[in-house]
Amino acid sequence: MLTNQTIREPFGDRMLLVFIYALLGLLTLTVLYPLLYILSSSLSSPSAVVSGQVWLYPVEFSLKAYQSIFKSSQLMMGFYNSVIYTVVGTLINVLFTVLMAFPLSQRGMPGRKYIMILMMVTLFFSGGLIPTYLLVKNLHMLDTRWALWLPGAFSIFQVIIARTFFMSSIPLELQEASQIDGCRDTRYLWSIVLPLSKPILAVMTLMYAVGHWNAYFDALIYLRSEHLFPLQYVLRNMLILNAADPEMLANTAQSLRDQGFEQVLKYALIVVACIPVLVMYPFVQKHFVKGVMIGSLKG
Amino acid sequence: MVQTWIKMRRSWELYLLVLLPVLYLIIFQYIPMFGVIIAFKDFNIIKGILGSPWVGFKHFNELFHSPNFQLLLKNTLLISLYSLLAGFPVPILLALALNEIRMGLFKRSVQMITYAPHFISTVVMVSITILMLSPHVGVVDKLLSSLGWSSTNFMGEPKLFKSIYVWSGVWQEMGYASIIYIAALSSVDPSLYEAARMDGASRFKKIIHIDLPSLLPITITMLILSLGNVMGVGFEKIYLMQNSLNVSTSEVISTYVYKVGLLGANFSFSSAVGLFNSVINLILLVTVNAISRKVSQNSLW
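Going down the list, the protein sequences come from chains A and B.
Per our numbering, residue 1130 is the first one in the first sequence, and the count goes up by one each step.
Per our numbering, residue 30 is the first one in the second sequence, and the count goes up by one each step.
Just so you know, the hints here were simulated from the structure itself, not pulled from any lab data.
Be a bit skeptical, because a hint or two may be false.
[Claimed, not checked] Computed footprint of chain A on chain B, listed as stretches where at least three residues anywhere in the stretch have a Cβ under 8 Å from a Cβ of chain A:
{"no.": "1", "region": "59-66"}
{"no.": "2", "region": "87-98"}
{"no.": "3", "region": "107-118"}
{"no.": "4", "region": "176-182"}
{"no.": "5", "region": "224-238"}
{"no.": "6", "region": "287-295"}
For every residue, glycine included, the Cβ atom is placed at its ideal position computed from N, Cα and C.
The whole structure should be built from the sequences, with the hints applied where relevant.
Here is the structure:
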């Protein structure tokens, strides 16, 4: 006789599952805790942070640190510069990636193998730091915004992902049909391929944008003028070299500073620096898996 | 021949499109590659790369005989191998664990939270590490001193530098690095699991006999890539984590190239150091790839 009792998993299997849940829970907490701790500390009073009362949630809630941050013109300048670097840089990246990946995906183009080799060689050989620096210097791009846009105009990894996508996900019949209708290659790219590639373009844009937003190394090498520094470079001076902007501390009482206000300020800076990326993140998270999966296929 | 010519003429728009990226490759990748010859010259700004006199292997000799060389090489290799040993298995374990539980709120939250630190910038990541580990006010030191340990300046301890570097890296990258393994596991043929279930395989057995073998190809590919990059430890993070107290264990080849080359304007010598580094990397990559092709028929190219 049939009952609606399901087959119960053996004891060992259930134990393993319990163990897996516990392990995953623990890992997640390990990742989450420092982030929460920083958020809470940034919202607490300096004395509570320094005396060690903050463990998980804010103690003596205060927004003073955030008010001070927005007074710093260095930081605002950094924000402004980072937005410019990110927007223009990402546009250049996406443009170059598509221009490279699309012809490489076209089977009928003679010589595409040689262009592919030309590109892949740079994965294994590169001039290195000093020759690249000398090139940028000779091109008179030192201490200009171009130094942060042009030297990394596209990533080979992204070109391969885009190329694989163009080759595997866009039906060949579409191209044949459009060619019969008299559609040339550029028009085909613009009106058919790109609209069909929105998911991959979204991931690519995000990857490049995050890369630009988080970069400090190029600025460290190529930039000298303070008005060009991106946010990460300003943050490095404030957080790691401990050079706080005097404007941030201008209207804070000496007593507050003695209590360790600069410590709270650092926590708040970290939160502010992460906000733009973390706000975008949940919306595109599901696309990442797709991007990585396409990238792992062999082209 | 004629046919190729016709095809080429038909593809003129494609050549036009690819022109800009190819120019970029030639200017920003191939010219610096050629510029590496300054490692064999005494570079002089006024004379330029071509005009500077050749000196052969002078800078390489200088490097191999400098007292720092052994320390640099040791630090670079130790940090790299430690990162590999600690950082490589964790994402695989995470992927295997995630693969065992059903899609739902818990699984989605675990994935979302563990992926997130990947998007934190190096500057912020290092600041978080320094803040958490600072003596007296940092949460780690507070915790340890409440358990009876004496207060430690973690960032100033040369012995601790490598562990801090490696484990903060694992914290930041384990989730994101697991994506590729999760993707590989999701493409396993479900009939394998059904067959195993019919034969009475336990959950653990299924992991060992189905999941692990299906992760093998991608694992080997990832391993080759990381072994081929053993000499290329991340400059950005190490440079930010360095201070005068821990420099004896934290100075690696890339930070040395930066300091001697750009800060010290010793272009030729540091190009030689950089070139030495990339040659070793390339040799490693080719060797590991060849071994892997022999042993397991897996290879990058």
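Cross-check of the supplied hints:
1. 59-66: Our answer is that it holds, as 7 residues pass the Cβ test (under 8 Å) against chain A, meeting three.
2. 87-98: As far as the region 87-98 of chain B goes, the hint is violated, because 0 residues have Cβ atoms under 8 Å from chain A.
3. 107-118: violated (count 0)
4. 176-182: It is violated, with 0 qualifying residues against the three required.
5. 224-238: That given contact holds, which follows from 3 residues of the region 224-238 of chain B lying within Cβ reach (below 8 Å) of chain A.
6. 287-295: holds (count 3)
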